[in-house]
Amino acid sequence: MATSSSSSGTNSASRNGLAGTTLRIDLSTGAIRRMPTDQDLYRRWHGGRGITSKILYDEVPRDADPLGPQNLLIMNAGIMTGCLIPAGAKVEFGGISPLTNGVGDSNMGGHLGPALKHAGYDMVIFEGIAPKPVFLYIDNDTVELRDASAYWGVGSLDSEKRFKHELGEDFEIATIGPAGEHGVAFSCITHDFGRQAGRTGQGAVMGSKKLKAIAVRGNRSIRVHDVDALKQQVVGIVKRTQTHPNMEPWQKYGTAFFIKWSNDNGVMPTYNFQTTHFEHVDGIDGDKLVEKCLITHKACFGCWMNCGKYTRAVVPGKAPVHLEGPEYETGSLCGSNLGMRDIHDVAYVNWMLDNAGMDSMSGGGVLAFAMECFQRGLITEAELEGHTLKWGSVDDAEHFIDMMVHRRGIGDWFAGGTRRAAERIGRGSEKFAMQVKGQEMSGYDGRWAPGMLLSYMTADIGAHHNRSWTITVDMAEGRERVEGRAKIVVYLQHIRPLFDTWCICRLFWGELDITPEEIVESLNHITGWGIDLREALRTSEMIWNLNRCHYLERNRGNGRSFDYPPARSWEDKIPSGPGQGKGLSLEQIEQMLDEYYDARGWDRKGNPSRALLEDLGLGEVADNLARLGLLGEPLPGGIPETRGEKYKPKAF
Amino acid sequence: MRIKVQRDRCTGCRLCLQICTVEHFREMNPKKSALRIEAKFPEPGRYRPFVCTQCGECEKVCPEKAISRAETGAFLVDRGKCNNCGDCIPACPVGVIFQHPDHGFVIICDFCMMCTELGSTGALKKWDRKPRGAEEA
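Residue numbers (the working numbering), protein chains in the order written: chain U, 1 to 652; chain H, 1 to 137.
Simulated from the structure, these hints should not be mistaken for lab results.
Note that the structure is a prediction, hence the values are computed from the model and not measured.
Worth double-checking, as some hints may not be accurate.
As the list claims (entries may be wrong) - Some residues of chain U that are not near chain H, with every Cβ distance over 12 Å (derived):
{"hint": "1", "residue": "Leu167"}
{"hint": "2", "residue": "Glu398"}
{"hint": "3", "residue": "Thr472"}
{"hint": "4", "residue": "Arg556"}
{"hint": "5", "residue": "Arg568"}
{"hint": "6", "residue": "Ser585"}
Stated by the list, open to error - For lysine-lysine, the following BS3-like pairs were computed, each having C-alpha atoms within a straight-line distance of at most 30 Å:
{"hint": "7", "chain 1": "U", "residue 1": "Lys573", "chain 2": "U", "residue 2": "Lys431"}
{"hint": "8", "chain 1": "U", "residue 1": "Lys231", "chain 2": "H", "residue 2": "Lys4"}
{"hint": "9", "chain 1": "U", "residue 1": "Lys161", "chain 2": "H", "residue 2": "Lys31"}
{"hint": "10", "chain 1": "H", "residue 1": "Lys40", "chain 2": "H", "residue 2": "Lys4"}
{"hint": "11", "chain 1": "H", "residue 1": "Lys81", "chain 2": "U", "residue 2": "Lys252"}
{"hint": "12", "chain 1": "H", "residue 1": "Lys126", "chain 2": "U", "residue 2": "Lys231"}
{"hint": "13", "chain 1": "U", "residue 1": "Lys252", "chain 2": "H", "residue 2": "Lys130"}
{"hint": "14", "chain 1": "U", "residue 1": "Lys260", "chain 2": "U", "residue 2": "Lys605"}
{"hint": "15", "chain 1": "H", "residue 1": "Lys130", "chain 2": "H", "residue 2": "Lys31"}
{"hint": "16", "chain 1": "H", "residue 1": "Lys60", "chain 2": "U", "residue 2": "Lys292"}
{"hint": "17", "chain 1": "H", "residue 1": "Lys40", "chain 2": "U", "residue 2": "Lys292"}
{"hint": "18", "chain 1": "H", "residue 1": "Lys126", "chain 2": "U", "residue 2": "Lys239"}
{"hint": "19", "chain 1": "U", "residue 1": "Lys132", "chain 2": "U", "residue 2": "Lys161"}
{"hint": "20", "chain 1": "U", "residue 1": "Lys431", "chain 2": "U", "residue 2": "Lys582"}
{"hint": "21", "chain 1": "H", "residue 1": "Lys40", "chain 2": "H", "residue 2": "Lys81"}
{"hint": "22", "chain 1": "U", "residue 1": "Lys239", "chain 2": "H", "residue 2": "Lys31"}
{"hint": "23", "chain 1": "H", "residue 1": "Lys125", "chain 2": "H", "residue 2": "Lys4"}
{"hint": "24", "chain 1": "U", "residue 1": "Lys252", "chain 2": "U", "residue 2": "Lys210"}
{"hint": "25", "chain 1": "H", "residue 1": "Lys60", "chain 2": "U", "residue 2": "Lys252"}
{"hint": "26", "chain 1": "U", "residue 1": "Lys390", "chain 2": "U", "residue 2": "Lys582"}
{"hint": "27", "chain 1": "H", "residue 1": "Lys40", "chain 2": "U", "residue 2": "Lys161"}
{"hint": "28", "chain 1": "H", "residue 1": "Lys31", "chain 2": "H", "residue 2": "Lys81"}
{"hint": "29", "chain 1": "U", "residue 1": "Lys164", "chain 2": "U", "residue 2": "Lys318"}
{"hint": "30", "chain 1": "U", "residue 1": "Lys646", "chain 2": "H", "residue 2": "Lys4"}
{"hint": "31", "chain 1": "H", "residue 1": "Lys81", "chain 2": "U", "residue 2": "Lys239"}
{"hint": "32", "chain 1": "U", "residue 1": "Lys210", "chain 2": "U", "residue 2": "Lys231"}
{"hint": "33", "chain 1": "H", "residue 1": "Lys81", "chain 2": "U", "residue 2": "Lys210"}
{"hint": "34", "chain 1": "U", "residue 1": "Lys164", "chain 2": "H", "residue 2": "Lys40"}
{"hint": "35", "chain 1": "U", "residue 1": "Lys164", "chain 2": "H", "residue 2": "Lys81"}
Unchecked claim - Residues from chain U that face chain H, not an exhaustive set, calculated with beta carbons under 10 Å:
{"hint": "36", "residue": "Lys210"}
{"hint": "37", "residue": "Phe301"}
{"hint": "38", "residue": "Glu324"}
Ideal Cβ placement from N, Cα and C applies to all residues, glycine included.
Put together the whole structure using the sequences plus the hints.
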C-alpha cells in the first residue's frame, strides 16, 4: 500500500485520563500535525460531543457545505474511554450534518475509542478533502495517510474484513461504505462488524473527504488521577450490578426484547408510522432473533452486559450473511415499519444497510417513507426501474437501496433523506415524511407518547431518541396530557447527552441503576477535576445551547420554525391496536413547545435569550445571534433558576 | 487454583484484560495483561479466551531460570532474572506469555483471579482444583 504522507514523532504522556496527543490532519495537503491535547478544553467541555460541538462552532464557516472541504470530521475518544469504566468504550464523531445542516454527532461502542487512546491519541481532526481515496493508519507513534483506492466502492463490512486481513487482526477499524462515498446524507461509520456511528450522516462527511477508513493499533498505557480509588469503585459497581434483575434480559436479548413491549404499548412504528401496532410482531421480536439467528453475544470494550447480538440471516435465494443485530431500533424501523414479518428478513435488510454504509435507523425510515409513497401512487414502477416497492418485500428494498446508494433516478432524491425526498415528490407527502430537522424518527411513535414527540421536536440533531427518551415517563405521567412534560424533557436532554460527552454507555444509568453521582465520582477519580453532578449538568446545558445557537446561525430562522413534527403527528389518530383513536392536537403540540421554551429560558420564538447564554458563559454566542436578529427577547420574569426537573425514568 | 474457561460464553468485552493490567501495573493497558481474547469475525463470529493452563513449558525453556512455580500452581517470573529473551513466548502452547511493552521482562499469569471476578457470563471462572500436575498427588 502506498503511503501518501506520514508522521512519526514523540507523543505527550498520558495523565488524568487523557492519552496526551491530538492529531490534526489536512487531507487536502496530507499534512499531519500532532499537538499536546488541550487539557483546558477538556476541563470546560468534558470531551466527546462537548468538544466536537465547540470546535465545529469555532471553526466551520456558517455557509460551509457539509460535504465540502471546510467542514470538519472530528473523532474524539472521551475522557473516560478505556479507563476501566463500565462500557467506557465510545468514540464520538462530529461534523456539520448533511442531513440536518446543524451540528451532527454520533458515537459508536466497540473497541476503536480505547484503541485510539492506547495508541496515544485523544482526538483526530480531519479537514479538507484528499485528492484520492485514503485511509488513516495509526500504529502507536506512526501516523500515515495511505492509499485506499483499492477499497473504494467496497462495502463497509467487506472492507473492514479486508483491512483486518491486510493490516492485522489486532487493528481496530472504522470504515464507510459506498453510500458514504456517494454522499448519501444518512450514511454511517462502521466498526467491529456491526457497531455504527449511525446518525447525522457522519459517514457522508467522511466520504466527502475521500477518507475510506481509520485503522488503529496501540500498546500505550492510559494513566488516571487515582487508579486505586477508581479500581475499588468500579469493582464494587460491577459486582453489585451482576445480580441486577435487568441484567439477564439485557444479556440474553439486548434491546430486541423491547419489540413486543413497544408493540403492546402502542408506540411501535408500523408501515411508516401509519399505525403503532404490528399484527405480525411475533415473527420479529427478540425471542425469534435469539432462537433463529443468534451466533454469539457481543460486547463493547469493558462491558459486562453484552447487549450486542451477532447473528446470521438466511433469506431464500440469497447468500447467508453475518451481522450484528437487529437491535430494537433497527428491528422496529426495518421490521414493522417496513411490514417485514420474519426476523431473517429484518436482519437481511439490516445487513444490506450496514454493508452499504447507511444508518439502519434513517435507512429504515427512508425505505418506509418510499414504500408509503408507492402505496399511495406517488412513485411508480417506471420510476423504480420496473420494480415495485411493497411492504414486506426484501427484494424491493434491496433494489431501492441500490438506487439510493448509486443515486440513480429517484434514488437520488431519497439519498438526501425523507425531508428532501418529500420536497421533490410534493403532493402532500411532507405530511408523512417522518422526520424533524431532516433526521428520521427513531423507533417510537410519539402520538400516544407526548414527551417522546417533544423530544424528537427539540433534539439538536433532529428526531433521535437518545437525547431524551420518555416512553416510560409518558406512561407514568399520563399519555394523553402534555402539561409538565417539557421540564422533564429538558432535564433528560441534559443528563443523557452527558454520556455522549464522556463517551461512555448510558444503559447502566437507565437499566442497572448506576447513579449519575457514582459516574461523576468515577470521572473525578480519572481526571482529578473534583466536580459535582450539578456542574456536569450545567456543562451539558451549555453544550445544548451552543448547538441550538449554531443551528439558528446556520439556518437563519427563529428556532420555533424548525421544531415542528410532520403533520401526521397531529392530523391522524392512531388507527389500530392498543393506541387506537389516540393522538395529539396541534394545540397540545404548541403548548408543549411554549412550556419547553419557558423551561429552557428561551423566548416563545424558540430563541435563547442573552440572560441565559451569559449565565452559561456563552456571551459571545449571544452577540453572534444578536447580529443575525435571532437573539431571544428578554423573558418577562427572567430566566428560570433551575432549567429542567430531575427525573429518573423507569426501566420497563 | 486454576481458571476454567467456558469459551462459548466469552462476549469479547476484554474486561478481564483491563482489570488484569490495573491489578498488576496500576494503569490501563490491555497489552500488559496475561491472557488474550481471540476474535474471529465476520465469520464464523466467535470469541475465544485463552488463559494459562499451568503446563510449565515456559519454565522448561527459560535459559535464565527466571520462571519458577509457586505453591498456588502459578508460574512466576523473577523480574530481576528475566532478561526478556523471549524464548518462553513461542513455547507457550496457548500463547499467553507477552513481552512487557515498556520493560525488560515477560508477563505470565499469577492467578490473582481478578479476571474471574468481574465477568458476569461465566466465561472465566475460578476452578477450585489442585494445580495442574498435582492432581494425582
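Here is what the structure says about each hint:
For U:Leu167, the non-interface assignment is confirmed: its Cβ lies about 15 Å from the closest Cβ of chain H, beyond the 12 Å cut-off. Look at U:Glu398: its CB is around 19 Å from the nearest CB on chain H, clear of 12 Å, so calling it non-interface holds up. Consistency note on U:Thr472: stated as away from chain H, and its beta-carbon is indeed over 12 Å from all of that chain's, at 25 Å minimum. A cut-off of 12 Å between C-beta atoms confirms that U:Arg556 is not in contact with chain H; the least separation is 45 Å.
For U:Arg568, the shortest C-beta to C-beta distance to chain H comes to about 38 Å, beyond the 12 Å cut-off, and the non-interface label holds. The non-interface label for U:Ser585 is consistent with chain H: the shortest C-beta to C-beta separation is roughly 47 Å, beyond 12 Å. Among the hinted pairs, U:Lys573 with U:Lys431 is consistent with the structure: their alpha-carbon atoms are about 13 Å apart, no more than 30 Å. With a C-alpha separation of about 24 Å, the suggested pairing of U:Lys231 with H:Lys4 holds against the 30 Å cut-off.
Restraint check for U:Lys161 and H:Lys31: satisfied, since their Cα atoms lie roughly 22 Å apart, inside the 30 Å limit. Proximity of H:Lys40 to H:Lys4 is assessed by CA-CA distance (about 21 Å); at most 30 Å being required, the pair is judged to hold. Taken as a hint, the H:Lys81 and U:Lys252 pair is broken in the structure, with Cα atoms around 47 Å apart against an allowance of 30 Å. With a CA separation close to 20 Å, the supplied pair H:Lys126 and U:Lys231 stays within the 30 Å bound.
This hinted pair does not check out: U:Lys252 and H:Lys130 have alpha carbons roughly 33 Å apart, beyond 30 Å. A hinted pair counts as satisfied when its Cα atoms are at most 30 Å apart, and U:Lys260 with U:Lys605 does not qualify at roughly 39 Å. A C-alpha spacing of about 29 Å is found between H:Lys130 and H:Lys31, which places the hinted pair at or below 30 Å, so the restraint holds. The hinted pair formed by H:Lys60 and U:Lys292 fails the criterion: a straight-line CA distance of about 48 Å is larger than 30 Å.
Annotation: proposed proximity of H:Lys40 to U:Lys292 holds, straight-line Cα distance about 21 Å (limit 30 Å). A hinted pair counts as satisfied when its Cα atoms are at most 30 Å apart, and H:Lys126 with U:Lys239 qualifies at roughly 15 Å. At most 30 Å may separate the alpha-carbon atoms for a hinted pair to count; U:Lys132 and U:Lys161 meet this at roughly 22 Å. Of the pairs offered as hints, the one joining U:Lys431 and U:Lys582 holds, with about 18 Å between alpha carbons and a cut-off of 30 Å not exceeded.
Using a Cα cut-off of 30 Å, the hinted pair H:Lys40 and H:Lys81 is violated, with the two alpha carbons roughly 37 Å apart. Restraint check for U:Lys239 and H:Lys31: satisfied, since their Cα atoms lie roughly 24 Å apart, inside the 30 Å limit. As the CA atoms of H:Lys125 and H:Lys4 are separated by approximately 5 Å, the hinted pair is consistent with the 30 Å bound. A hinted pair counts as satisfied when its Cα atoms are at most 30 Å apart, and U:Lys252 with U:Lys210 does not qualify at roughly 39 Å.
At roughly 44 Å between alpha-carbon atoms, H:Lys60 and U:Lys252 are farther apart than 30 Å, so this suggested pair is violated. Proposed proximity of U:Lys390 and U:Lys582 is supported: the alpha carbons are some 27 Å apart, at most 30 Å. Only pairs whose Cα atoms come within 30 Å are accepted, and H:Lys40 paired with U:Lys161 is accepted, the gap being roughly 10 Å. Taking the CA atoms of H:Lys31 and H:Lys81, the gap is near 22 Å; set against the 30 Å cutoff, the hint holds.
Between the alpha carbons of U:Lys164 and U:Lys318 the distance comes to roughly 25 Å, so the proposed pair stays at or under 30 Å and holds. Only pairs whose Cα atoms come within 30 Å are accepted, and U:Lys646 paired with H:Lys4 is rejected, the gap being roughly 45 Å. The hinted pair formed by H:Lys81 and U:Lys239 fails the criterion: a straight-line CA distance of about 37 Å is larger than 30 Å. Distance restraint check for U:Lys210 and U:Lys231: the Cα-Cα separation of roughly 42 Å exceeds the 30 Å cut-off, and the hinted pair is therefore not satisfied.
For the given pair, H:Lys81 sits about 52 Å from U:Lys210 by alpha-carbon distance, which is inconsistent with the 30 Å threshold. A C-alpha spacing of about 11 Å is found between U:Lys164 and H:Lys40, which places the hinted pair at or below 30 Å, so the restraint holds. For the hint linking U:Lys164 to H:Lys81, the alpha-carbon distance of about 37 Å lies beyond 30 Å, and the restraint is violated. Taking 10 Å as the C-beta cut-off, the interface hint given for U:Lys210 is violated, the closest approach to chain H being about 25 Å.
Proximity of U:Phe301 to chain H holds as hinted, the smallest CB-CB distance being about 6 Å (cut-off 10 Å). The beta carbon of U:Glu324 is positioned within 10 Å of a beta carbon in chain H (closest approach about 9 Å), and the interface hint is therefore held.
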